[in-house]
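Peer 1: Given only the sequences and the hints, what does the whole structure look like? Please build it.
Here is what each chain is made of, one letter per residue.
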Amino acid sequence: MKNREIFLRGLLKENPVLVMLLGTCPTLAVTTMALNGIGMGLATTFVLLGSNVVISLLKRVIPKEVRLPCYIVIIAGFVTLVGFLLERYLPALNQALGLFLSLITVNCIILGRAEMFASKNSVGKSALDALGMGFGFTLALFCMGAVRELIGAGTIFGIDITFGVLEPMLIFILPAGGFFVFGCLIALVNRLTKGRAAERRSQADGCAGCPAAGACGGCEEVAK
Amino acid sequence: MEALIVSQSPHRHSGVTTPVIMRDVLIALIPALIASVVFFGPRALLVTAVTTASAIFFEYAYRRLMHRQQTVGDLSAAVTGVLLAFNLPVSIPLWIAVIGSFVAIVVVKQLFGGIGKNFANPAITARIVLMVSFAVHMTNWTEPFAYLHPQAEAVASATPLAVLAGSEGTLPSPLMLFLGNCGGCLGETSALALLLGGAYLLYKRVIRPHIPLAYLGTVALLTLPFGVERMATYLFSGGLAIGAIFMATDYTTSPITGKGKIIFGIGCGLLTVLIRQFGSYPEGVSFSILLMNLLVPYIDIWTAPRPFGLTRDKKKKEKTKTAVEGDQTPIRPLRDVLRPTAVLCVVVVLIAGALLATYRVTRVEEETGLTEALISELTELVPQGADWEELQPPASPENATITRCFGSSAGHVYEVVTKSYGGDLTLLVGITPEGVSGVSVTETSDTPGLGSKAADEGFLSQFAGRKGEITVAKNKATRDSDIVAVAGATISSRAVTTAVNAALAADSELGGDGE
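These protein sequence lines map, in sequence, to chains A and P.
Heads up: the first sequence begins at 1 in my numbering, then just goes up one per residue.
Heads up: the second sequence begins at 1001 in my numbering, then just goes up one per residue.
By construction, these hints were calculated from the structure, which means they are not laboratory data.
Every clue listed holds true.
Ranges of calculated distance between the beta carbons of each label pair, as one might list FRET restraints:
1) A:Pro175 to P:Leu1065: 22 to 32 angstroms
2) P:Ala1386 to A:Leu103: 32 to 42 angstroms
3) A:Ile72 to P:Asp1387: 47 to 57 angstroms
4) P:Tyr1251 to A:Gly98: 43 to 53 angstroms
5) P:Phe1278 to A:Thr24: 24 to 34 angstroms
6) A:Cys25 to P:Phe1278: 20 to 30 angstroms
7) P:Ala1352 to A:Leu103: 18 to 28 angstroms
To give a feel for the contact side, a few chain P residues facing chain A, derived at Cβ under 10 angstroms:
8) Ile1099
9) Pro1340
10) Leu1350
11) Ala1354
Since the model is a prediction, treat every value here as computed from it, not as a measurement.
C-beta atoms are modelled at their ideal positions from N, C-alpha and C, and glycine is treated no differently.
Peer 2: Structure (structure tokens):
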């Protein structure tokens, strides 16, 4: 696979949130403001980059039997590191993300990329994959946060644009509105990719229909 | 001789079609519409017209845009529009009513496939969306017959349920509630008119009595221990009657079998009483119907009738013998066990080492006493304050608790906890010799969009510079000591004021000279 494609597919075609539907919990929980979405996205990208590179480096050292504990320890290490850094240098963002920062550890995007990609590919490609997936995640979170902040609070990046006339629809910054925007964005991405993501899924049964089937290889194992 | 036609059932059409049913529902809603115009004036008619017209328009436009079969003629959109209007207060801005129609028709109904395919009642869901989004407008109740005196200033009135929950106001008698002479949404106030409509629907066999009876019966039974008058208030107030008769009986979103309908009704009643009694919103009918709507598919599966002549399958309890023999794991060489363990240990140690190194770089020296964040918070409340120190909190008055007290060169800050609508309300009050210098709410569990507004800058800034006992006025400050309560959130406003008064009292006890 070409390097360019490895990077680009994470942005839209195999977007981890809007096509693969991974990492839904942080997506819904922290996107009440565009800035929070970007912060969460970049923190996750950092962890993803670190864990993908380290796991790719260690792919020959880590025995198959203990690979999952090893991955989790590495991921948790990077998450704690991000936590320390944010606490020291960006306490406001740290407070806004709260519990969800530590929960990056169990974000399935990161473990998924480790298992599906980094453990099978070179360091360079793993880093590109991490950046593509990370930015795709950030992009999705930013879009959700921007829409929810605009309609739900009447602000853009915290700047009031209602001029005291318009009234924001509070439900958009509440969980119910999050699900609504999430659904609309998934529909939009489906439309942008001309339904390719959904089509592939419906054509093939089970594992092979997954958008990540190419990188995962799990379906071949199932077939055996 | 006629040809013999062999076909599957059904063989006869009863003549009852969707437009006929919907027309009957519209007819049944007429008494409530008349009642709403009598109590709330011609604007009730305007609101109803706007929601109905916009609902019909959205239905038509969506089907047209999506190239689907046109269904606007079945009148279901009109019924949704009228029901939505009946769930809005008369003073609702019309653009909000139109948003409500959009949510009901497009989001709840058409996105899921149109009539017969929606999983929740459109009007109920639209009401909840509006209630959560525009809480202030949605709870701006006007007194009945207020439209007869246009010169008089509009008087906001609490609904009977809000009064039960602790709002200021007098509880109308059950008879007045039954007739509908009380504050509330357009169509929900008059239980009499709604019951008339319900009787017509029953007579026409449009609805069956299971759901309304189970719903109202459950509410009555659960509130009977509180006394008959309280029970009557519960039954005739809020959206219970319109919910039980018109909303919960929606074909698409209620169970098919009689048994299922009864379970559905009991569930609605139970949830309504629980929400009214313990929830942070005073009214729970719409929430409980929506929640039960979501359970309908499961109720239907649970209560599916047994086909005639079949007996229930006896559950076969066959114990499958697990194959144990010949599957013993071979003894693995020690190397295969040791290597993974060693690698895992090394990874853990390396990561721990890396974290330790980062921690040493990023950690902040532990400060003794007050943290930097707290001091900056305190300085915001008492701007000239310096040399902060924590003091022994003074004795608390009876309706609030002073949990902490901080002193500085310019004034004191008190942390006060008091009871509000949704539970404890915690706030910091800064006081200087010139009076209150700043108030900030640190913890609140009040209704989002209503009670939570009492934590906003706009409301809290009214306290600046106050001295002596502060009182709360509802719409307009008439006395010098008055501050104006947040619309729709009198209890929260009062709780904040109580806390500030407590802090002021404590400060004067301490000497109040800021030393």
